[in-house]
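Participant: So the chains spell out like this:
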Amino acid sequence: MRHTLSILLQNESGALVRVAGLFAARHCNIDTLTVAATHDPSVSQLTLVLHGSAAMLDQIVRQTRKLVDVLDVNTLSLVANDHAPLALASNP
Amino acid sequence: MTPRSPNTLAASGTHPLAGRTLSGAEVVVQILADEGLDVLFGYSGGAILPVYDAVFRYNAAHATDAGREPMPLIVPANEQGAGFMAAGYARASGKVGAAIVTSGPGATNMATPVRDAMADSIPMVLISGQVPTHALGSDAFQEAPVSNIMGACAKHVFLVTEAEQLEATLRTAFEIARSGRPGPVVVDIPKNVQNAQLVFNGDSRLPIPGYRKRLANIQQARLTDEDCQRFFTALAAAKRPLIYAGGGVIAATAAPALAAFVDAFKLPVTTTLMGLGGFDGTHPLALGMLGMHGTAHANYAVEDCDFLLAIGARFDDRVAGNAAKFAPNARFIAQLDIDPAEIGKVKRVDWHHLGPLADALQRLTQYGQANGALPSLADWHAHIARLKHTHAMNYARDSERIQPQAVLEAINRIAVGRAIVATGVGQHQMWAAQYLDFTAPRHWLTSGSMGTMGFGLPAAIGAQFAHPEALVIDVDGDGSIRMNIGELETVTTYGLPVKVLLLNNHGDGMVRQWQKLFFNGRKASSDKSLHKKDFVKAAEADGFTWARRLSDKADIDATIAAFLAFDGPAFLEVEIDPDAGVYPMVGPGASYAQMITGDFIPSRSAPTAPADVATTSMF
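Top to bottom, those sequences are chains A and B. Residues are numbered in our numbering as their position in the first sequence, beginning at 1, plus a constant of 818. Residues are numbered in our numbering as their position in the second sequence, beginning at 1, plus a constant of 43.
Source of the hints: derived by calculation from the structure; they are not laboratory data. Glycine is no exception: its CB is placed at the ideal position from the N, C-alpha and C atoms. The reader is advised that the hints may include incorrect statements.
Computed cross-link-like contacts, DSS-like style, restricted to lysine-lysine with a CA-CA straight-line distance of at most 27 Å [as the list claims (entries may be wrong)]:
1. B:K559 x A:K884
2. B:K282 x B:K390
3. B:K596 x B:K580
4. B:K559 x B:K580
5. B:K256 x B:K309
6. A:K884 x B:K388
7. A:K884 x B:K571
8. B:K596 x B:K571
9. A:K884 x B:K576
10. B:K256 x B:K368
So these bits of chain A aren't anywhere near chain B, every CB distance computed over 10 Å [unchecked claim]:
11. M819
12. Q828
13. S831
14. V835
15. G839
16. T850
17. S871
Simulated restraints, written as ranges between beta carbons of each label pair [as the list claims (entries may be wrong)]:
18. B:Q262 x A:H857: 28 to 36 Å
19. A:V861 x B:Q263: 46 to 54 Å
20. A:T865 x B:G460: 53 to 61 Å
21. B:N191 x A:D858: 19 to 27 Å
22. A:H857 x B:Q208: 49 to 57 Å
23. A:I848 x B:F184: 33 to 41 Å
24. A:I848 x B:H424: 46 to 54 Å
25. B:K566 x A:M874: 53 to 61 Å
26. B:V579 x A:G839: 40 to 48 Å
27. B:K566 x A:I848: 36 to 44 Å
28. A:A838 x B:A657: 42 to 50 Å
Looking at chain B on its own, in the form it has when it is part of the complex (with noise of 0.2 Å):
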């Protein structure tokens, strides 16, 4: 299904402007629109003019009496900045976001956002200019072998060297970004096919007939009686439950489906990292996150578990540590997803079943519930409910230092299930993770696999260009914002109420934390406590006129409701603690039984040495 801009339907079905004819650059821009794209993000240069000049033309001939834009093209600091504006948006609204660069430099500086989105799933179109046809490999001006940087980074991409392909290409990117596993496509197009000549056709696609195909029939898979009937056998034997949901239920809408499996089994949620908000964070039967930073709770009823069942989840080594040892009472290991390569890859399942998420959750939930009833599992809440009561996350409440948590914590007071929370890689991104509830799907947009610093503020701009009107927070941390500080402009720019936190701790608190664990505390460049950067100042600068600095722990609430309520761009820097700590973490290659819950949290057995892992094998 291709959702179409009200100006291009036409009643008899065949594009209104088929037959006519466009320049490629026009056509890129016809794609566009038709794709239903409200918002485009990039930075032009010579090898993408004629489409720049084609998008310009497009909101000339087609803005609104009150002069409003059909299809804007927001420009960042840097493409990287464009990237994860596209991202943001596509994170925050579910619809394919774009971005477009010009050759060379421009297109490699999107070569991490790219990357970033392949690794999380998240569906992008980036369009490249690149040097004429004639000129490919002559080492012209800003050329770069774009379609060899990418082919390693995206889903798929193409380069198009015949014009009269651009159309079907173009379309059949968007097909791909969007189905299967989502992801991000690259369509790199050569000058001269911008400036190409061509008959539109309005409805062409590339037949991909190897592609088409295997998605088909995951898509019309389906579970049998036999499939369901085997699940709930092993379900029935089960005393302790526990569903581990990742990142798939979001991408796949599966949320709804979820809770009406959970209202009718009554199954224990985990959430990874990537999939906070795919269960209401709330809901007495969530645990929160779970891995090398979840709660102790849900790792403990990991640990715990005689029955597992990943839901659009990967068992990624931040998540399973010690693959081996994971969830090592699991008698029995049930896996849904999407992508044929995950099942098995990591952690061997008992059961397991390709298709679309939402239609496996109501077909086993309509199955479920037709052929008698489980097993109570009246013990194992209980116990859950002890875990998360014994178990529960903490922090140094009584100290004087600002602690971040109690920071996060204040947010989450004001703005729990309301805030669309962006965030950069490091500390302050798994604080917000353990302390910020989230209540629905895309409403925490992280960058989870590549772990990207500087994601948090232009993903917090395409979250906002997604949704005007929703209060967006970029939780940022000083080493990441500094990554792409220059979007601070991009913010105030275009007048964007983005909030813009920044948890001071003066320095790459992560790596000090790890080197304060694995490295006899040498603080091997991470420690900024010299350097001069003024933030306030330069948001200032930057034309926050609401941008202020937190230092003093008895002001934290009142510092907060006034920082989100403030009807504009804004921008808070907090001193904290720069010794707080993560915890619980379990550390890199470890099992959980081997986590260390720190100072606040009790744990359930003795510490135990960091990890027996030999530290040049630790990521």
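Here chain A stands alone, though its shape is the one from the complex (with noise of 0.2 Å):
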């Protein structure tokens, strides 16, 4: 299954590293990783693809909220397949 994770980052020294080495650490491959800047310049936004199994993405998703420097997590998942035409499941 495909997940895109967005999330919302403190713009801090090494926040990235922080986020993508939780990801390596935790043997969970990113597929795509995007970095964006906010209209909050302290903030930054994360959007990251993976794939994997549902129990995958919730415990990695925890991990996440655990770093201190997120402010926010949130996940949508592909529940069917990469054609199918609704994205659902939306996790908060």
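Since each chain comes alone in its own frame, lean on the hints to assemble the complex.
Facilitator: Structure (structure tokens):
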């Protein structure tokens, strides 16, 4: 299953490395990663796409929420396959 | 709540130094004093010299009339020693431990203690010097990417690039270290930030809004009546309920609440390695440790239970082995924890609550007592008593060689409930966990998750600083003690009455045990019988005036008594049976039904294959 994660991150020294390092250390492969500024210069938005089971996603999201710099994590999962017309199962 | 040293408390509530100009280094020392630290551990070097000088000046200015320094800085042989001393201090006291090291190798030598503290949820703050901000990234002398390295090991790491943020960052570092699930926080401070002139605020903190919001949600979480009702409905339907208590009970200061819960509902308790002392090990309902080297009766009770309550425990692989087959008859598993990521991480649970453990246990106790009686557990208690009697811990008592278990039993007879025990990692650690009784929290200091050899001696030193009057024993092995043997000298330098017990089996015994079981007995690199070291001479060379070797079984009791009674540092090497094994043993990845109880503990099933796990996938 493919998942999209949206992470709001405090723009601190090393914050991006800590997010990327968490995924690497927990054996979770990131397919795509984009980082963008937000209207608040102290906050960055990360968008990650990865694939794996729902349990894997649940665990990596919970671990991401333990990072001190992380403000918020939201997920969007494609429940069928990549050709499914709808993205469902938003997990705030 | 921030503890403050008496000399910084002001009646008005504002900090007496607020508005004063201090150097960055002086700010560091003032925050350490405000946090209530009475000892620091660390090794100096170029990039941290301003802080070291500020510590020196603070101690000189605030010394007592007797010349006692309020915040002595204890110097190890190696920075790793300082890290484990700070961890030992934190584990024994419940307070945040602090270490201060220089940049580059000083900081990288701290990677192991920081990761160790993270894995065991120990609150610690590490302050490391760093090259000046203008030199960051230039491959400067003694530069290392501490933020990157520690970011992967610690609960959090700060690189302070703006001097104005230093004070708020340090205060926040202590807050993060001790709050929620505790852990180590690293503050990396470039040298120019240490030398900056700053106006002291006295109360500033970083906002960290995401962390604070999530923490507040968990801290405020309370069990509803419906939660309690569901819990007690399941408990009332159970005939064989069991508590599985972990290190979280100790970290959360929830041992009294657990004792009250057990007193109210009479559930037997097994504790993890990290949970030893979280429940009185001599209580009639205490089963001792569970898991890979747990007692046979505890593991059989886990097999037999139909209701399992996990408290501050995380179904670690050394406990759960084959998680799918762990507690196979439990129809209801409940979990209390402070960390959302631990709920259902390894084992699906039927009921859980996230929040402060003591509050949750008190609430459950009150609700259960107010809402009717539970069925009698007399049959289950009788079953537990039979398990404890039939499958009691035992070893080769008749052997002519000294068995390590006999040495530990001799210590237990003299020091039970009193000694603070630190260990290295390996067989001696497991024997100590099995054969010593712990009646209260923070008396058992061991590297549980990381399994770091070399932990014991420096951790014992840190614990002795936390409790100068206590009997502190380092139970060590010959492999483990070699890893930080330089710290023997630290014991005598500071005149600490630490008792160092070396159980010498001339090799890496736990490795040999695995090689015997899983590698056809090929002792690859684990045999040290040809090594030349004379440990007693080594201890004498490092200033131990009481340093002896015990090699006759008949002398165990008298020697142990003299060793523990000596008023000062003491070193005792015991020549133990090199073939002594740690049993019971649940092989890696195996189920409890496959437990090997060894030659001296009766098993209730015929021996099965050691494990149906390929040696390549074992860890």
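Participant: Hint by hint, say whether it matches the structure.
Facilitator: Status of each hint after checking the structure:
no., hint, result
1, B:K559 x A:K884, "violated, 41 Å"
2, B:K282 x B:K390, "holds, 22 Å"
3, B:K596 x B:K580, "holds, 22 Å"
4, B:K559 x B:K580, "violated, 32 Å"
5, B:K256 x B:K309, "violated, 37 Å"
6, A:K884 x B:K388, "holds, 14 Å"
7, A:K884 x B:K571, "violated, 43 Å"
8, B:K596 x B:K571, "holds, 22 Å"
9, A:K884 x B:K576, "violated, 46 Å"
10, B:K256 x B:K368, "violated, 37 Å"
11, M819, "holds, 18 Å"
12, Q828, "violated, 7 Å"
13, S831, "violated, 5 Å"
14, V835, "violated, 6 Å"
15, G839, "violated, 5 Å"
16, T850, "holds, 22 Å"
17, S871, "holds, 13 Å"
18, B:Q262 x A:H857: 28 to 36 Å, "holds, 31 Å"
19, A:V861 x B:Q263: 46 to 54 Å, "violated, 25 Å"
20, A:T865 x B:G460: 53 to 61 Å, "holds, 56 Å"
21, B:N191 x A:D858: 19 to 27 Å, "holds, 26 Å"
22, A:H857 x B:Q208: 49 to 57 Å, "violated, 23 Å"
23, A:I848 x B:F184: 33 to 41 Å, "holds, 35 Å"
24, A:I848 x B:H424: 46 to 54 Å, "holds, 52 Å"
25, B:K566 x A:M874: 53 to 61 Å, "violated, 39 Å"
26, B:V579 x A:G839: 40 to 48 Å, "holds, 45 Å"
27, B:K566 x A:I848: 36 to 44 Å, "holds, 43 Å"
28, A:A838 x B:A657: 42 to 50 Å, "violated, 32 Å"
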